[in-house]
Amino acid sequence: MSRLRLDNRALRAYRPLRTARRNTPKGAPSSVKSAGWIVLLSLGVIASHASGFPLQATDTRNDGGGSVTLGWTPPPRPPAQWIVYRAEPGQAFAPIDTIGGELAGYTDEQSGNHAVRNGVPYRYRLVPLPVDATLLSDVSPAATPRVSWFDTGKLNVFIVITLFLGLVLYYIRQSERGKVWSFRPIAGLIAIEEAIGRSTEMGKGVLYVPGVQDIDDIQTIASMIILGKVARMTAKYETPLLVPANSPAVYTVADEVVKGAYSDVGRADAYRADNVRYITSEQFAYVAAVNGMMLRERPAANLFLGAFFAESLLLAETGHETGAIQIAGTANVHQLPFFVVACDYTLIGEEYYAASAYLSKDAKLLGSLKASDTVKIALVVTIVVASILLTLGQPGLAEFFATQ
Amino acid sequence: MKREIPLIISMASGIFVLVGFFVPHPAIRAIYDDIQQWVIIVVAFTYVLGMANLMRINVEQIQRRSKDWVYKLALVVSLLATMAVGFSEGTHYLDDGTKFSWIYNTFYSAMSATMFSLLAFFIASAAFRAFRVRTVEALLLALAAFILMLGRVPIGSVIHPYLPVAADWLMEIPQNAAKRGILMGAALGVMATGFRVILGIERTYGSEGGGG
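Chains as they are written, first to last, in the numbering used here: chain A, 1 to 404; chain B, 1 to 212.
In case anyone wonders, no lab produced these hints; they're calculated from the structure. Quick caveat: nothing in here was measured; it's all calculated off a predicted structure. One or more of the hints may lead you astray.
[Said to hold, decoys possible] With a straight-line cut-off of 16 angstroms between C-alpha atoms, the simulated EDC-like cross-links for lysine to aspartate or glutamate are:
#, chain 1, residue 1, chain 2, residue 2
1, A, LYS154, A, ASP63
2, B, LYS67, A, GLU297
3, A, LYS204, A, GLU193
4, A, LYS154, A, GLU399
5, B, LYS72, A, GLU297
6, A, LYS229, A, GLU256
7, A, LYS229, A, ASP362
8, B, LYS72, A, ASP274
9, A, LYS204, A, GLU238
10, A, LYS229, A, ASP255
11, B, LYS2, A, GLU256
12, A, LYS259, A, ASP274
[What the hints assert, rightly or not] A few chain A residues facing chain B, derived, Cβ under 7 angstroms:
#, residue
13, ARG296
14, TYR353
15, SER368
For glycine and all other residues, C-beta sits at the position ideal for the given N, C-alpha and C.
So here's chain A without its partners, still in its complex pose:
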């Protein structure tokens, strides 16, 4: 064990224990004072040559630096608390924190006066509280915190994403060379055009509900993409398109998407700014407003495409009461049964994300669907192989694909 010094600098570096301060009621400074005596006692213990249980200290992996992870096996009868001591090269140990005695690990990512600096080798020691020389830990080996440039814990995700991206690029290249793929017909997507046609024949509008999540949700982004296709169709047929938004950001994007779609098909004059509306960000107030629109304006087609929660059945049942043809699509698994029951067609999970490529028939977009199918086959094969290996006592592949 390396010899430790007890000097004034260590005492000066010390700041009263946070835990002691935290637990000290106003007007009772005596507990902080007693904590100071405890630290003096513990500094006496730490300066001794006593050896104890092993303490591991390593740079925290896959982080932005400024962090060291400690690990130890708790003694059979752990103390009430541990005081964590830390020393830099050429300096004495100084207390940095007080933690529960039952713990078996600690991450030092102190800031301020006790900041952990990258590139500096730190050594640690645990001192029990109440002070007991028989429960002292060894001095840990030096650990140097460093900055990581790649999170190795996400290597499995990186591999799948890289494979996916490679396949997308490959199939896009194939589509540019004239390769054509056929995909199974998705009834819900075929029905979108029929529903808009039906609305046109009946002289009624189409209601498009883009879900209740904000624009940073991928389901809402996918919904905006589909909205562009739907708006092109309604613009061609001159069918009113109502888009109630539950977020101002979604309203702004939806307005631009609809305006752009009308402009693209040469019907900019048919665009009505009033038809894309911001309603409210409150879930059930939004439902009340959209249900009111359904009952007042009686659209012939209701499209519920986006992220939905408890409001899914409230919307879909009201739409069913009005007799509109209803098409829903979401990736929120728990809402799918409600839509399946109350709507005429439901896009389930991946069908919802495939909608834009499917509706546009664009070869490049269809290439991404082909890549998605190929990766799905690869994942199914991997799951089967990993399951067999796991059954045979080889967990390596299964563990590699476990996410953190």
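Got chain A sorted already, so can you dock chain B onto it with the hints?
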């Protein structure tokens, strides 16, 4: 350029967020956090646009005395009154005992709970339609629902001790398998959508311009 600039911003932001997912380096994280702050600022501005849209549409309908215009009037009056109360109470408007909290708890919470309560009736009417056995699939659905509902209530175990076990099995094996299948497909769909946007091949969210 009107189309290219949004596409470039989308691609650059998408690539950066993707890189930020894998790289924990503080230099990347700092920019990543900055982008998140920009998003908050942009969203704050959209609230102004949203409010303007809300007021314009509803005030116009009140002026035209369109159908159910009284509801629009109630909306505008309550919106302005709530805002006025909120502003008058400053930054503590959400504290207990404020007038704003009183309005929220007395009016909004009650109305919101009422809307949510309607779900019970809608579930009943939807279940009535769903459980009409017309096909083999509908029969399977009805049987599964019957076992599950009985297995999850105390009377289920009184009828037969195996019912709760069967209900748990349905939830843990077939239900979980189907759910995971859907989630895997959806996850791949998310990645495909993301790549389409990042690579700039999905352009529906921007006008192609030119018309025609």
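Holds or violated: LYS229 (chain A) to ASP362 (chain A), with C-alpha atoms at most 16 angstroms apart: Measuring from Cα to Cα gives roughly 12 angstroms; hence the hint holds.
Given hint ASP274 (chain A) paired with LYS72 (chain B) - CA-CA distance at most 16 angstroms: Holds: LYS72 (chain B) and ASP274 (chain A) sit about 14 angstroms apart, inside 16 angstroms.
Hinted pair LYS154 (chain A) and GLU399 (chain A), Cα distance within 16 angstroms: holds, 12 angstroms
Given pair status - GLU297 (chain A), LYS72 (chain B), alpha carbons within 16 angstroms: holds, 15 angstroms
Pair hint outcome, LYS204 (chain A) versus GLU193 (chain A) [Cα-Cα no greater than 16 angstroms]: holds, 15 angstroms
Supplied contact hint for TYR353 (chain A), tested at 7 angstroms Cβ to chain B: Hint on TYR353 (chain A): holds, closest Cβ of chain B at ~3 angstroms, below 7 angstroms.
Restraint satisfaction for SER368 (chain A) [CB to CB of chain B, less than 7 angstroms]: Since chain B brings a Cβ to about 5 angstroms from SER368 (chain A), closer than 7 angstroms, the hint holds.
Given hint GLU256 (chain A) paired with LYS2 (chain B) - CA-CA distance at most 16 angstroms: holds, 12 angstroms
Restraint status (C-alpha distance of LYS229 (chain A) to GLU256 (chain A) at most 16 angstroms): holds, 13 angstroms
Distance restraint between LYS67 (chain B) and GLU297 (chain A), which requires alpha-carbon spacing of 16 angstroms or less: holds, 10 angstroms
Straight-line alpha-carbon gap LYS154 (chain A) to ASP63 (chain A), limit 16 angstroms: The hint holds at about 12 angstroms.
Straight-line alpha-carbon gap LYS259 (chain A) to ASP274 (chain A), limit 16 angstroms: Cα-Cα ~11 angstroms, so holds.
Consistency note: the structure conflicts with none of the earlier hints.
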